[in-house]
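J.: Chains as they are written, first to last, in this note's numbering: chain A, 1 to 527; chain B, 1 to 182; chain C, 1 to 500; chain D, 1 to 686; chain E, 1 to 101.
Simulated from the structure, these hints should not be mistaken for laboratory data. There's no promise every hint is true.
Here are the simulated lysine to any residue pairs, SDA-like style, with alpha carbons at most 20 Å apart [stated by the list, open to error]:
# : chain 1 : residue 1 : chain 2 : residue 2
1 : D       : Lys59     : D       : Ala76
2 : C       : Lys436    : A       : Arg167
3 : A       : Lys486    : D       : Phe51
4 : A       : Lys398    : D       : Phe52
5 : C       : Lys436    : D       : Ala629
A few chain D residues that face chain E, going by a derived Cβ cut-off under 8 Å, partial list only [to be verified]:
# : residue
6 : Thr478
7 : Ala669
8 : Ala670
9 : Phe673
Cβ coordinates follow ideal geometry from the N, Cα and C atoms, glycine included.
Here is what each chain is made of, one letter per residue.
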Amino acid sequence: MEWFDSGWGLSLVVFLPLVGALVLAAIPRANEAAMKWVALVTAIVTFVVSIVLAMRFDYGAAADIQFGTNLPWIDAISANYHIGIDGISLPLVVLSTFITLLVVIYSWEHWPEPHNPKLLLALVMILATGMTGTFVALDLILFFVFFEIVLLPMYFMIGIWGDTSMRVVPVVNWEIELRLYASIKFFLFTLFGSAFMLLGFLALYFKSGDVGPNTFDILQLSELGRAGVFTGAFAFWVFAALFLGFAVKVPMWPLHTWLPDAHTAAPTIGSVILAAILLKLGTYGFIRILIPILPDEARRWAWFIGVLAVIGIIYGSLACLAQNDVKRLIAYSSVGHMGFVMLGVATMTDIGINAAIIGMVAHGLITGLLFFIAGSMAHRYHTRDMNRLGGQMLLMPKMGVLLGFAAMASLGLPSLAGFWGEFMSLLASFNPLDGLSLGLFRTLMVLASIGTVMTAGYMLWMLRSVNFGEPAAEWLDDHNLHDVDKFEWMAWAPLVVMTIAIGIYPKIVLGATNDAVVNLVNKAFGG
Amino acid sequence: MTITFSDWITEIANWVFLAIALPTLGAAILVVSAKNIVRAVLALVVTLAGTAALFMMLGAEFVGWTVVLVYIGAVIILFLIGIMITRAPLTKNADLSQPMSMRAPAALLSIILFAVIGWAVVASFGAAAIPLPDEATTTASIGETMFTNWVIPFEVMSFVLLAALVGGIALARQDAPEEEEA
Amino acid sequence: MIDYHAILPEIILGVTVLAVLATDLVTREKYYGAIVGMVGLFAALVPIFTLGVCDDLAFCSGSLPRELFGGSYVVDQYSLVMKGLFIGAAFIAILLSVAYLQSDRFYEGEYYFLLLAALFGAVVMASSRDFITMIVGLELVSGPGFLLAGWRKADEKSNEAALKYFIIGVIAFALLVMGVSLLYGISGTQLFADLAVAPAAVVDEPVFLLGMLFVFLGFTFKISAVPFHVWTPDVYEGSPTPVTAWLSVGSKTAGFVGFLSVAYLAFPTHANLWGPLLWILAIASMTLGNLVAVKQTNIVRLLGYSSIAQAGFMLAPFGAAAAAGADLQQAFGATIIYLLIYAVMNLGAFGVVIAGGARVKSYELDDWAGMWRWAPGLTVLLAMFFMSLAGIPPLAGWFAKLAMFSATIGVGSWWGYSIAVIAALNSVVAFVYYSKVVKSTVFDNVPDHVDPEALSRIELAPTLTVALGVTTILVLFLGVFPGVIGNLSKFASEILAGTF
Amino acid sequence: MLASLTPLVTRFAFLSEESGHEVHAGDGGALAQWAWLIVVVPVVITFLIVFFGKKSPLKGWGMATFGMAFVAVYGAVLAWVNLQEGILYEGAIEIGKIGPFALQWGWVVDGLSIMMYFLVGVVGFLVFVYAKGYMKGDVRYTWFFASFSLFAGGMLVLVSAPNLIQLIVGWELVGVSSYLLIAHYWEDFDNVDAGNKAFMTNKVADVGLFIGAIIMALSAGSFQFSEIFEKMLSGQTSLAQFGFWAGLALFIGAMGKSAQFPFHVWLPDAMAGPTPVSALMHAATMVTAGIYLVARLFPFYQLPEFAGNVNAIIAIIGAITLFFMGLLALTQDDIKKVLAYSTVSQLGYMMAAMGVGAYSAGLFHLFTHAFFKSLLFLGAGSVIHAVHSNNMSDMGGLRKYMPATFWTFMIGTGALVGLFPFAGFWSKDEIIASGYHTASVDPTFAAWFMVILSIGGAFITAFYMARAVSLTFFGDYTGHAHPHESPKVMTLPLMGLAAFAAFAGFLNVPGVTDVFIRWVTVRAFPIVEHHAEGLNWPLVFIVTPIVLVALTVGFWLFRPKETQAERDAFTIPVLYPLFEHKFYIDDFYMDGIIRPTMGPLADGTLWIDMNIVDAVPNLAGGAAKHVAAAVNTVDQNVVDGVFNTASAGTGATGGFLRKALTGRVQQYAAMSFAGVVIIAALFMIF
Amino acid sequence: MTIIQFVLLGAALFSIGLYGVLTRKNAVLVLASVELMLAAVNVNLVAFDVYLGDASHAGQIMTLFLIALAAAEVGIGIAIVLLVFRNRRSANIDELDVMRY
C-alpha cells in the first residue's frame, strides 16, 4: 500500500470521477443504463477509496499532512501538484464522495427535465473532482483551479435543468427565467470573489519571494505567515481579497443573495451538492488558507467576520420566516447555518474552528437531506408554495416523517449532528481568542442564540404548513403523490443514519479534526 | 551646429527650398480640398514632384528619381484609372468632401497634430543645420548597404508587391458568370 | 556567408507561397493549394525545431541568438517561439478555410496564397530587429489582410469591411512610419539594438518620445487596441469568418510581436516613458471592449469586442511592469503565455463559430439559440472555448489570465495592483458576454424558424473537425498542464535574461 | 477509533464534612456500572417500535411498557440499595474532544438521579399501562408509543447526565418528544400550534440554558458537574466572576421546562395532547426537569459567593408562579387546564423551595406531586374518556357512574390540596416550613414573599380543586355521551398511583422518618440545605385550616345548582376577566412578539434582502447594461453624437445632418486620431 | 538650411494628408490623401538621412521601401475601391454603413 499512501490514493479520489465523466462521454446517448452504472460504479469506488483513506489515516498524527505528494506541475510559476490531507480535510473529503454517491443513487430514477442523464451525470462527476480536489490541494494555484472547476458544472446544472418559472428581479424590474437569472448570478458572484482571491494568492506568492524562493505552497506560506512575513497594509489588502473570495462562496451576509436564487432554481441534485459541499469550499478556505497564512490579520478582522456571521444568522432566519417557498426557505436557512460556522471561525479558537468543521459536515448532511426532500416534494406537488401544501403526513407519511426529522436536525436538535456545530460556536464565542473583544463576542453569542430560537421558529412553521393539518382538496386525488420510493430511501437513509451517528458520536468528525485544529490554532496564534 | 536666422535668410539653398516647398504645400492643400477630382489627383502629382525635387536638392538622387518613376509614372496612373472606372463625377462642383461639420473638427485635429509634431521637432532640433552633401548619394552605395543589411525586407517587398498584384486582380476582377463553376 | 540554417524557415515559406500560387495555376482542384500550403508549413516547422535544439543535435552547430545582416535580422528563442505560433495559427486557419471556401464561390488558390503570404510577413516580423524589416514584414501581414477581408466579393458587408480595414490600416501605418522617421531622425539608427543603448541626451528629446508614441500607437491598429480598435467589430463581422479567425490571431499576434520587439528590444531602458502609455491603453482597451461586448447580439462582433478586451489584458503586464520600472522579463513572458493560449482558444472559438455558421447561415445569437438541441457536441466545444476565453479553469484560458495577473501583481507597485484589480473586475464583466453565448446556445429554446431536425443532419467538414480536434485537445491539455506553455515562454524570454 | 470507546470510569470519594447529612456511600458495584441500561433500553426500544412496532403483536405497547417496567424495577432496586448503603457512581465514555474539552456520554448514579429513575420508571410504567386503554383505537397508536418511549428515554438521558452537554441533549429530546406528543392530533392546527408553542417557549428559555452552560463550562473548564463542583469548591475557577449570570441563565432554562412565570404559557396549551401525555410529561417528569436542573446544580446555587442572589430570584419567581398561576386555574372550564395550571402552581412550589434552599423539601414535593398529579390527570383522562369532552360543563355527577375514578381522584385531590395524611400534606408543609425557617434565620424579602404566597397558594389550590371536583363529580350529569367506568387497564394504574399518592408522604415525616432526605442527599457534593428538623406545628395549624376553609368555600360556591348557568354565574368582576385572559400574557406574546417578528420584521427583512442588499448586484448588473449601452453608443456613434448635438444647437435639422454625417470610416479614423492627439498632447505636457 | 524646415514641411504634409483622409468622400481621394501622409514621412526620412550623414543610408533605403509599399497599398486600395464600386455603384466611403449597431 506504499503507492496508495504516497499520493496515489488521494489522487484516485480526486480524479476517478473525472475518469468516470470521460467514460460517460463515450457512452452512446441511447444507452442510459450503462451511463447510470458507470456513474454509480465510479461513485462507489471513489467513496470506497475515500473510506480506505479514512481507515488508513493515522488519527494519532491528525495534525500532519498524510497521503500527500508534491510533484512539479507548472515550473514557470513554481506551482506544484501538492496534495495531502490532515484531520481538517479528511471529513470534508469523505463528505464529498459520500454526497456524490448519494446524488448518483438518487438520480437513478429522478431525472429533471430536459432528460439528459449523460450530461447530468458527467457534470456531477466533474463537480466531485472539483470538490474533493479543493479539499486536498495544498498549493494555492491548485486550490484555485479546483475551486473554479466546480463553477461550470453548477452553472450548467442550474441553467439547463433549473426552474423555468419567471422571476421579476426587484429594483431593476427585469423579467427573466429564474434558471437564467440564478445561473449567471451564481457564477458572477463567485467569479467576482475568486478573481480577487487569485490576486491575493499572487500577492502572497510574490511577497514570499522576499524571504526565499517564491512559493504557492500553502504549508510554506503558513510557516511564513507565522514568522510574520505578511504584515501591515500588504496583509490587510491580501486579507481583503481572499476574504472576498471565500465570503462569497460561504456565503456571508451581504454577499449571500446568489444563494437563494441558485438553490431555488437548481435541480434537486444541484441544490444538494451546492448546499452540502460547495458552500464548504469557502469556509474551508478560511480555515486552511486565511487563518494560517495571515494570522495577525485574521485576528484583526475577527470581529468583522463575527458580526457578519451573526447578521447572517439573524437575517437569514428572519428571511426564512417570511418565506412561502420551501426551497427558498431552506436556502435562507443555509445562510443562517453558515453564519454559525463562520461565527466559530471568527472566534479563532480551537473550539470555534472545530465547531466550524463539524458544523460544515453536519450542514452538509442535513441540508443535503432537506434539499433532497424538498426536491422530491416539488417534483410530486409541482409547487413549492407552502400556502398550497399541507397535510403531508396524511398524503405521504414517510416523506413527512423524514422532513420532520431533517427539520429537527436542521434546527440543531441535540443528539443530532447539527447541534454540535451550533452549540460549540456559541461556546467558542464566549471566550474568543485572546485580544478579541470579549464584550462584542459575548453579545454575538447571545444574538446567535436568539438566532437558534428563530431557526426553530421557521422550521416548525414549515412543518406546520407542509406536514400537518388536512391536505387541501387539490392533492387528495393526485396520483403523483406516492410516498418515498426505493431510490429515495437508498439516497436518504445514509444521511439520516449519519446525522444520528454524528449526533451521538461526534468523534466521527472530531476524532480527526481536533488535533489538527489545535495544532493549527497553536501555530497561527502561538498557543 | 546651429544657424541663425540671418544665416538662413542669406543662404541661397533656402530660397530654393521655399520655392519648392511652398508650391508643394499648396498642391497638397489642393489635393484635400479641390472640388474637381482630376484636379486633386493632378495636385498630388505636383506635391510628389515637389518632394522629389527636395530629395534631389538633398542629394538623394536615386530616391528622387524613384519617386518620379514610381509615383508619377505608375501610381498616378492607377489613381486616374480608379477615377475613371468608378465613374467619379468629373465636374467642378462635385460633392467630394464631407460637410463643414466634419471638416472643422478634422481641420482642428490636423492643426493640433501639426502643432504637436512641430513643437516637438523645434524643441528637439532647434536650428540645427543640415550639412549640404558634398556629393549626391550614389546608387551604388545605396545598393551596397541595402544588400548587406536589408536583403530580407527587399525579398519580402517582392512578396508584398506580388501579393498586392495577385490579390488586387483577384479582388477587382469581374467574376466570371456562373458557368465557370464546374 | 549567410547563415542559411537560420533563415531556412523563411526560405521554405517563401517557396511554399510561390508553390501555392503555382499550384493554383496548374490544377483545377483548388484545395490542392491548401494541401501544398500545409505541407510547406510542416516543412517550415522542422528548421524551427532544429534551430531551437541545435546545440543538442549532432549535425548542427551554432547557438542562439543568430544575428544576420548586421543585426537587423535575428533568430533567437523568442522569434522561434513566435514563428512556431504563427505557423500553427496559419495551419489552423487554413483548416478552417477549406470547407468555408468550398461552400461558396471563392477564389481559392489566391486565398491560400494571400494567407500564406501574410504568414510569411508575420514570420519575418518575428525576427526583424530593425524598423525597416519590421515595417516591410508588417505590410506583408496587412496587405493580404486588407484583400482577404473583402474576399466575399458579392457581399456588401465584406466590401465594407475591406475598405474600412484598409483605410484605418493605412493611416495607422502612416502614423507608425512617421514615428519611425522621427526616431530615426533623433537617434540616427533603425536598429533596435542601437536604440536600446541610445544616450540619455537623445532619449530626453521630445521628438524621441513622440516617435516612440507614434510607433506604439501605430501598432495598436494590428492588435486592435485603443485607439485604433474601431475597425475591429465591423471587419470581424464583414470578413469571411476564417479570415476573421486569422486576423484575430495571426495578424493580432504579429502586432504583438511588433509591440514586444519594439518595447523590449528597442526601448527597454525607456520603459518609464512607454509604460504609462501602455498602462492607459490596456485599461482603456479591456474596459471598452468588455463593456461594449455585453451589448452585442452577433457572435462574430462579440468576438471582435472580446478581441479588443483581450488585447487590453495582454497589454496589462507591459504597462504595469514598465511603468513601475520592474523586471520586464516576467511581463514579457506573461504576454507570450497569453498570446500562445489566446491563439489556441480563439482559433477554437472561431472554428466552432464557422462550423455553427455553416449550418444556421447566420451569426446572430438569436438564431443560434438552442444549438444544444441540434449540435450537442459542437455546443460543448463552443462552451468550452468561450469559457476558456473567460478564463475559467481547467480550460487553458485560466493560465493566460493567471500569467497576466501574476505579471501585474508581481510588479509590486500601484501601477500593477491597480491594473490587476481593474483587470479582475473586467474579467467578471467579460464572463457576462461569454456566458451570454453559452446561455443562448445551451439554455435557450430553438427559435421557430430554425429546424433542428434538418440542422442536426448536416455533417461537420473533416478539415473543421481536425481543426476543432487540435484546438480542443490543446485547450484541455494546456489547461491542465500549463507548464508546457510556461516553459515555452521561459525559453522565449531567455533573450531578456541578461538585459536588465 | 473504536478503541476509544472503552469507558472512562471515575469514582468519587470526595465527600464533605459540612454536609448536613452523614453520607455513607459505596460505588454501587455492578448495579451502578450497568445503570446505563436504564437510559439505553427505552431509546433502543423507541427505534424498535419505529421499525417493527406495527408488525409486533402488541403494536409497540408491549415493548414500550417493558422498557418502563425495566426502568421501574432497576430504579427500585437502585433506590433500595441506595437507601441501604448509598451509591455514588459516575461512568462515562468519551465521544470526542473539542479543544481542551472532552465530550462524554455518561451516567450518574447518586441519590438524586436514582430518585428520578425510580419516579420515571414507576409513573411511566403506570401511565403506559393506562395508555393502552386510553389510546385504544387511536390512528397512530404505535407512533404514540414510539414517541412516548423516546420521551422517557430523553428524560432518562437528562437525569442521568453527568455533564451539561448530556443534560442539554436530554433536555431537548424531551422537548422534541413533547412537541410530537402534544401535536399528536396534528390534523387540527390548534394542536400543532400548541406543540409549536411548547417547543418555541422552551427554545426561548433554552437560550438561557445554552448560555448558562457555556459560561459555566468555560469558567470551570469542563462540562462535568463533578469537575465544575470540585473546581468551585477548591477555588480554581473563574466561575465566581460569572457565577451570577451562569446561574441566572441556567435558571431561565429551568423556567422554560418547568413552566415558571413568564414561561408558563405553553403548559396549559400542551393539554392538547392525549391525557397520558399530560400525566407523564406535564405532571410527573418533563416539567420537573427544571427543578431537577436546579437540584443538580444545588451545590452551586447554595453558594452565594458563586451564584450571588440567584437564589432569591428563584424563590420569587417560584412564588409568583405558585400563586398567580394557581389563580388562573379558577376560571378554566377544561378540566385538564385546571390541572395544568395547578401543575404550574405546584412547580412554583418546588422552585420556590429550591430558592429558599430547601433542597430535599423541593424534591420531595416533586416526588409526591409526580404521583398525585399524574393520578389526577389520569383520572381526568378517565372522565374525558367517558364523556368525550374536556369541559367540566359537559360533566357533573360522575361520582355515580365512575366510582373507581371518583375515589382515586379524591385521593389525588386530597394529596394536592395537602390534606393530612396524604402525600401532599407532608411535602407541601415541609416546603412552607423550610421557607419559614429560612425567613426566620435570614429574613430577606424573597423568603418572606415566598412564605406568604405559599400559604396563599395553598388556599387557592384547595379552592380550585373544590370547584373542579364539584363540577365534575357532583350535581347532575350535563353531557351528551353515556358515561361509564373505564376498563381495568385504566383503573388499575389509577389505583396504583392512588396508593403512592396516599402513602408516599410517609417517606419523610419530619422527625419520624428521613428516608427521602437520606435518599436524595447522597450526592458527591455537600448539600447545605435549610430544612426544619421537625414538624412545624404552628404552620400546620395555620395551613390546614386555610385549606379546609378553601375547600368548604369552594364546594359551597360551586355546589350543585338547578342549572349549569347558575353554577357558572359566580364571577368576581375585575379578576375574572383578568384570569380568563390569563393576565393577557399569552396575548402579549402573540401580538407583541410573535406576530411582529413573523410579520413586519420577517417580511421587512426579506424585502430588504430583495430590494436593498440584492439591489447592489442587480443595480450593478443594470448599470453595467446601461454603461455598456452608453459606451457602445459612444464607441459607435460618438461623432454622430457630437455633431447631432452641435447641429441641434445651431438649429440645423438633425435628420438632414445625420444623413450627411454617416461617413463611418472617417468617424472611426477621426476618433482614433483624436485619441492619438490627446495621448500625444498628454505625454508632451507631462 | 536647417533640419526643421524639412521636418516641418513633413509634418504639414502629414497633417494635410490626415485632413484629407478624414474629410474626403471619394475613396480615391482618400487614397490620395494617404499618399500625402506617406510622402511626408519620406521627406522626413531623406532629410534626416542627410542631416545625420548616415553612412548606411538607412533613411533613404527606408524611403525606397516606403515608396514601394505605398505603391502596393495604392494597388490594393484601388482594387478594394473597385470592388466596392462594383457592388454599390459608388465609390463614396460615407455610404458604408451596412454594419451599424
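J.: For each hint, tell me whether it holds in the structure or not.
T.: Each hint tested on the structure:
Only pairs whose Cα atoms come within 20 Å are accepted, and Lys59(D) paired with Ala76(D) is rejected, the gap being roughly 27 Å. At most 20 Å may separate the alpha-carbon atoms for a hinted pair to count; Lys436(C) and Arg167(A) meet this at roughly 18 Å. Proximity of Lys486(A) to Phe51(D) is assessed by CA-CA distance (about 16 Å); at most 20 Å being required, the pair is judged to hold. Straight-line distance between C-alpha atoms of Lys398(A) and Phe52(D) comes to about 15 Å, which keeps the hinted pair within the 20 Å bound.
For the hint pairing Lys436(C) with Ala629(D), the CA-to-CA distance comes to about 16 Å; that is within 20 Å, so the pair holds. About 88 Å separates the beta-carbon of Thr478(D) from the nearest beta-carbon of chain E, more than 8 Å, and the hint is not met. Hint status for Ala669(D) relative to chain E: holds, with the closest Cβ pair at about 6 Å, below 8 Å. Satisfaction of the interface hint for Ala670(D) is found here, the shortest Cβ-Cβ separation to chain E being roughly 5 Å, below the 8 Å cut-off.
Hint status for Phe673(D) relative to chain E: holds, with the closest Cβ pair at about 6 Å, below 8 Å.
Taken one by one, the earlier hints fail for this structure at numbers 1 and 6, listed in ascending order.
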